[in-house]
Amino acid sequence: MSNKTSETTARPPRKPGSQIIVDTLIEQGADVLFGYLGGVVLPLFDKLYDAPIRFIIPRHEQGGCHMADAYARATGKVGVVIATSGPGATNLTTGLANAMMDSVPIVAITGQVRTELIGNDAFQEADTTGITRPVTKHNEIVKDPSLLAQTIREAFYIASTGRPGPVLVDIPVDMQTAEIEVMAPAPIKLPGYRIREQGHARQISAAAQAINDAQRPVLYVGGGVIAANASQELRTVAKKANVPVTMTLMGLGCLDQNDPLSLDMLGMHGTAYANYAVQECDLLIAVGSRFDDRVTGKLKTFAPHARIIHIDVDPASISKNVRVDIPVVGSAKYILTELEKELVHRDRSEWFQRINDWKKRHPLRYDTKADTIKPQYIIEEIYRQTHGDATIVTGVGQHQMWAAQFYKYKRPRQFITSGGLGTMGFGLPAAIGAQIARPGELVIDIDGDSSFNMTMNELCTAVQYELPIKVCLINNNFMGMVRQWQHLFYGQRYSCSSLQNPDFAKVAEAFGAVGFTVKDKADVPGAVEKMLAENRPCVVDFHVDPEENVWPMVAAGKSLHEMDGLDIFEMA
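Residue numbers (our numbering): 2 to 573.
Careful: at least some of the hints might be erroneous.
[Claimed, not checked] Heads up, simulated DSS-like pairs for lysine-lysine below, C-alpha to C-alpha not over 30 angstroms straight-line:
1. Lys361 - Lys411
2. Lys241 - Lys360
3. Lys78 - Lys409
4. Lys48 - Lys144
5. Lys299 - Lys531
6. Lys559 - Lys409
7. Lys531 - Lys409
8. Lys299 - Lys321
9. Lys361 - Lys241
10. Lys409 - Lys370
11. Lys360 - Lys299
12. Lys360 - Lys370
13. Lys507 - Lys520
14. Lys299 - Lys361
15. Lys190 - Lys299
Since the hints were made in silico from the structure, they are not lab data.
Since we're looking at a predicted model, the values are computed, not measured.
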């Protein structure tokens, strides 16, 4: 009898790569996915059949990417979108670029042809990682099945940390069918990827001292504050230091716009009082904003009297466009918390008196006595009837600016729009993503006719999933912002900016939604009330004054204080 003991070494269980993907998505907290099927992702979709994950199928991959984007903005979680190889993956590029510009955390999973076929022009093959590299924070193709789970974990980590952004993982079909050992999660170690959360204590103190010493400070805050979940810290700092706050398009909702400290939005179509305050301030405190051209106007004359503090988690954004005097790199949430400890309340009554004078002289206004339907009136009526509590989503164009101007936002993640890329067609799919994120809450897409035309096929999606989104079309039968520029700068030569629209109400009904048309100003309040009472997807086609322009406006190349449109209407 042998003295040798036979030992059986237990090997880890094995699963197909497709199941590993699903398990890892669940592990990362993904309970809703958006995406479209195709040949090389069928193994993955087969495993999703039994998964405890809600799957939303759009009518186009771009729409699915916008849905994942808005879901992420509305929840603060990572949005996930799935597409097949070739055209499925390339259809994601606009949505990925949109998320990249606005710092939205998305993980995109794309299928790819078998590894031995890559580079051979196989059916539905495209160089997905090459195509999407400029429009993603990071992307990677998986060619070793043992790395599949960890690559997805890293994708979620990269997408959601630092300055958030989209990450794409390209997975060949043979990686999905391969049998893989199930391994415990390993610590994430990414050489060269370091997130500075805390910021330098000396820089924070220098910023606090500058704020305490300033006579005419302004807080200029952007979407980075919302991304960092730092809105409450921002409000605490503003109130303790007694500093007025102006917000970018992406930052709306950081501070309740009904607060006396609010200057509302600044920039090209911002308020006159915000722009004047920035131009006259002696200290500009930028938090989570990147000094883009729509905010600064002519760079050489931007905030000419001000020292500038810039708080941002992305060191590449510091002094990129505007020279900064006190840079503070780190998480807005952490830095604002530390900053508040060193601030003192200052009496700045003279500064606020000047600002209040500008508010009285130059409020946002329009011709309220006109017989035509003015877009601003519709938005004011929506605000009145919703008590300012709705989640507002927009497309891109004039209607977007009016929605930013005339609906006053109370809380972060209440206003969802395409900022940096300016993506027409964003509104409807984004409303779907926001409604999925917030079931039972009121979601309204304020959209333009041309913007809506681009993605209105997604009404099918809203109907299929019984989503009670409301679509308010500001229908001027033009590409409105293009027409405005042609009116102002191209001698009213309206080249190709007016398109023939369908009967949107009938289109909505054909899709299975509710649709009706409003052409009379007197019918606007009743139409809004009727829309809000609907429990199905609803499209209201408001026929508005086609010649209405967005005011005020800082023309390209002009300084921030050189605004047109301030004196077009007489004060009431």
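Each hint tested on the structure:
{"no.": "1", "hint": "Lys361 - Lys411", "result": "22 angstroms, holds"}
{"no.": "2", "hint": "Lys241 - Lys360", "result": "23 angstroms, holds"}
{"no.": "3", "hint": "Lys78 - Lys409", "result": "25 angstroms, holds"}
{"no.": "4", "hint": "Lys48 - Lys144", "result": "20 angstroms, holds"}
{"no.": "5", "hint": "Lys299 - Lys531", "result": "45 angstroms, violated"}
{"no.": "6", "hint": "Lys559 - Lys409", "result": "27 angstroms, holds"}
{"no.": "7", "hint": "Lys531 - Lys409", "result": "22 angstroms, holds"}
{"no.": "8", "hint": "Lys299 - Lys321", "result": "15 angstroms, holds"}
{"no.": "9", "hint": "Lys361 - Lys241", "result": "25 angstroms, holds"}
{"no.": "10", "hint": "Lys409 - Lys370", "result": "22 angstroms, holds"}
{"no.": "11", "hint": "Lys360 - Lys299", "result": "23 angstroms, holds"}
{"no.": "12", "hint": "Lys360 - Lys370", "result": "22 angstroms, holds"}
{"no.": "13", "hint": "Lys507 - Lys520", "result": "15 angstroms, holds"}
{"no.": "14", "hint": "Lys299 - Lys361", "result": "26 angstroms, holds"}
{"no.": "15", "hint": "Lys190 - Lys299", "result": "42 angstroms, violated"}
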